[in-house]
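Chains as they are written, first to last, in our numbering: chain A, 82 to 368; chain B, 6 to 298; chain C, 61 to 323.
Because the hints were derived from the structure by calculation, they are not lab data. Given the structure is predicted, the values throughout are model-derived calculations rather than measurements. In this text, a Cβ means the ideal position worked out from N, Cα and C, and glycines have one as well. Take the hints with a grain of salt, since some may be wrong.
Chain A is nowhere near these chain C residues, computed Cβ spacing over 10 Å in every case [claimed, not checked]: (1) Asp77; (2) Asp141; (3) Met158; (4) Ile188; (5) Lys211; (6) Gly219; (7) Asp247; (8) Glu307.
The calculated SDA-like cross-link candidates involving lysine to any residue, where the alpha carbons are at most 25 Å apart (straight line), are [as the list claims (entries may be wrong)]: (9) C/Lys206 - C/Asp247; (10) C/Lys211 - A/Arg265; (11) C/Lys162 - C/Pro248; (12) C/Lys85 - A/Glu248; (13) C/Lys215 - C/Gln161; (14) C/Lys211 - A/Pro246; (15) C/Lys211 - C/Gly190; (16) C/Lys85 - A/Pro178; (17) C/Lys162 - A/Val183; (18) C/Lys215 - A/Pro178; (19) C/Lys85 - A/Arg177; (20) C/Lys211 - C/Ile191; (21) C/Lys211 - A/Ser262.
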Amino acid sequence: MSTQPRSATLDRLTAMAGWLAAAAIVAAFGWLVFDIVRHGASEVSWTFLTAEPADAGRAGGIGTVLVSTLLILGVCLAIAVPLGLGTAVWLSEFARPCSWRVTAIRWSLDLLASVPSIVFGLFGMVVFCQMLRLGFSIAAGGLTLGCMILPLVVQTTYAGLQSVPNELRAGAAALAISRASTLRHLLLPAALHGVVVGVMLGLGRAAAETAALIFTSGYVTRMPESLLDSGRTASVHIYDLAMNVPRGEARAYATAAVLLLTLLLINVAATVLADRWLQRQTARSFR
Amino acid sequence: MKPSRSNSWSDPDRRLELALRAAASVSGCVVLLIVLFVLWQALPALRDIGLPRFVADADWRPTSDTQPQFGMLPMLAGSGLVTLGAVLLATPLAVFSAVLVEFYVPRSVAWLLRRLLELLNGVPSVVFGFWGLVVVVPLINAWQPPGQSLLAGVLVLSLMLIPTIALSAAVALRDDAGDLARSAAALGLDRGAVVWSLAVPRASRGIGGGVLLGAARAVGETMAVVIVCGNIVQVPASLFDPVRTITANIAMEMSYATAGHRSVLFATGLLLILVTGFLVAASRLLSRRGARA
Amino acid sequence: MTNREQPAATDNVLTIDGLNVSYGKVPALRDVRLTVPRHQITAVVGPSGCGKSTFLSVLNRLTDLVPDCRVSGRVEFDGIDVLSRGCDLFALRRRVGMVFQKPNPFALSIRRNMELPLREHRVPATEIDGIIECSLRDVGLWDEVKDRLDKSALKLSGGQQQRLCLARALSLDPEVLLCDEPCSALDPLSGEIVEDLISRLRERITVVIVTHNLAQARRLTDNVAVFWQQNGAGTVVEAGSVDDVFENPQSEIASAYVAGSRG
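Given these sequences and hints, build the entire structure.
Written out as structure tokens, the structure is:
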């Protein structure tokens, strides 16, 4: 008898605390997005998106910055996707589960995912910039980011492959279809969603990165002529304007608005795709 | 090599397997390479200066010609305090919102909140930092100057940690949320009691794992803290004092560091790897054992 | 029943001797002995969980796909030692086809479903269309699908899908066809069609069919092997011609089991 009212109070308090917490989070997030977009959007124009930065970034646009960003992301994906795909396929389709090698690789990928991005920057600086003599360059920055998003690509691709029913593998094997063809014609198409979602999330993570780039791809705002030129990404541009350029806020806002909206878009698209595929999959299994 | 398996494969398959295994081995080696290279660069500092001086030296004057000093205590305190504060602030908010998502709201709202947390996770840390600089710092400055402070770092960082902790907590709570709610309702228990005496204790390991993961993220975070914390080398006396974290120290000084100074910075990088690696490994073990029990 | 030829003792296409299979430490089959006569249908019957499907997947080494599966003993197919390391799986699986319980067409068009294995086996491109039509006619599917060969195979009904899988297996011209309860996931009418198709295959190839439907085993097959779980692992408790096993079973277990079909 006596527990009933106390418990009901507990229930109400919990609900209230939950709503308060959620409201605080939503408010802070909304504040952030609203503030960035409100201040930034007025500065964003076609000229801003295409012009070269001038006066240390206080004037001009972010055209060359966007080019460098895309180049770095391109290098990053060119290294992370093949390597990540190969790793995930091997772990899922070829390796004996629970062998020492599989356990070691999975743990090392888990640990890789935990390495702070600034440490990736240190590593990239020593290995890519100095030992491989790439200097402060788009190539060095892209390679560094490639190492960074590798675990993410492996993880989502692996999950995609694991969601393919075993009957498919057995059916293909019973027809003496080689592993290579099974993979190319049957498994990879079926696991495509995992690959796409992984690549998109990796892309978002790489585009958001700053700390790993300040010692690897550098700060140069000129239009890059090759992958061996230094180039700054949008996120490094924001950092530089915020930290090193007095009265750089206006352009930092505008760049932040562009970056934030692009990343929100990529992430929403990735989640929507993942959701839709998940639904289709459950629909299929209940059929 | 397992000959019994390889022999039964056709030649192209065997070549494919070798190529894929090579890719997997390379992926598996990256973290090892990172540790080795950072260790290699840190060796001169560890050998010539030695760990004791990092805490014994009174000051941080790495570039002094006559008497370089490598006292890391302010940075250690900075990283530790920012992390601790952010985790303490983020954990209750994250856990309460996870409880809300799993037990109190209709599916559609829960879906929306979860998506929102995922989006928050995708916001670049430099944008968090910039927002902190233009919004949070001036607010603190108006109250207790200078504004760029331990408190600003704690506030911004806690917002960044919430998605990590909340999503892990939600997963841990979800495992048997439905079953629990039903069987408890059959026993006449109400929701509040179910949550606090059944669900949260059962999910505690998973939640703990999420908190450790958040702590790892906080220790390793660079951009947000570099922008909002002020970067003064001092052990803070209050929440309103500027601080410099280990990560910020690397970001600020690496561009001009040479020789011993540079090596010391790599040694602090090694410390970051060890701490985050330890936190993540502990988080994995904790969550996994929780799931098994 | 009596018009069926009794198998000549020497003409066994498959000889299984002392076969043991385990998954990790859990035994699945122990000391299985069985011979499968050429150009006849052999049924594998028994309660669920006694290793019938495992037995079938040993015969084309599909057990290789299961990481911790251990197989020992002797399986001889036309003079080839199936379990040896040197066994050419590509050739083996072409000569020993398989149809699964659940229809498993690939998520491709009907044509690609048929083409993929043929291409894989280097069948000349000029012959492929002919073989596809011929195989689909064999299973009575040609007239139903000839106008939509490029539509997804997943759009077919369950019965049609199973017949497509049968056609796909037959297109490689196997000598033995393994069928793992091929009718049990289908509606009765489709099941009957598939059963008829299998029954007609007897002229061309050897069929080993797993079934838990004793009536089906009785009307469809020439030989029966009764599997039973003994001491935690499946084994053959009785094997012989269908008449012998059903009318005059030697073991107590088998007689009790087939009694179900008499009653």
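Outcome of the hint check:
no.: 1; hint: Asp77; result: holds (23 Å)
no.: 2; hint: Asp141; result: holds (18 Å)
no.: 3; hint: Met158; result: violated (4 Å)
no.: 4; hint: Ile188; result: holds (15 Å)
no.: 5; hint: Lys211; result: holds (17 Å)
no.: 6; hint: Gly219; result: holds (15 Å)
no.: 7; hint: Asp247; result: holds (14 Å)
no.: 8; hint: Glu307; result: holds (35 Å)
no.: 9; hint: C/Lys206 - C/Asp247; result: holds (23 Å)
no.: 10; hint: C/Lys211 - A/Arg265; result: holds (20 Å)
no.: 11; hint: C/Lys162 - C/Pro248; result: holds (15 Å)
no.: 12; hint: C/Lys85 - A/Glu248; result: holds (24 Å)
no.: 13; hint: C/Lys215 - C/Gln161; result: holds (18 Å)
no.: 14; hint: C/Lys211 - A/Pro246; result: holds (22 Å)
no.: 15; hint: C/Lys211 - C/Gly190; result: holds (19 Å)
no.: 16; hint: C/Lys85 - A/Pro178; result: holds (16 Å)
no.: 17; hint: C/Lys162 - A/Val183; result: violated (31 Å)
no.: 18; hint: C/Lys215 - A/Pro178; result: violated (35 Å)
no.: 19; hint: C/Lys85 - A/Arg177; result: holds (16 Å)
no.: 20; hint: C/Lys211 - C/Ile191; result: holds (19 Å)
no.: 21; hint: C/Lys211 - A/Ser262; result: holds (21 Å)
Of the numbered hints listed earlier, those contradicted by the structure are 3, 17, 18.
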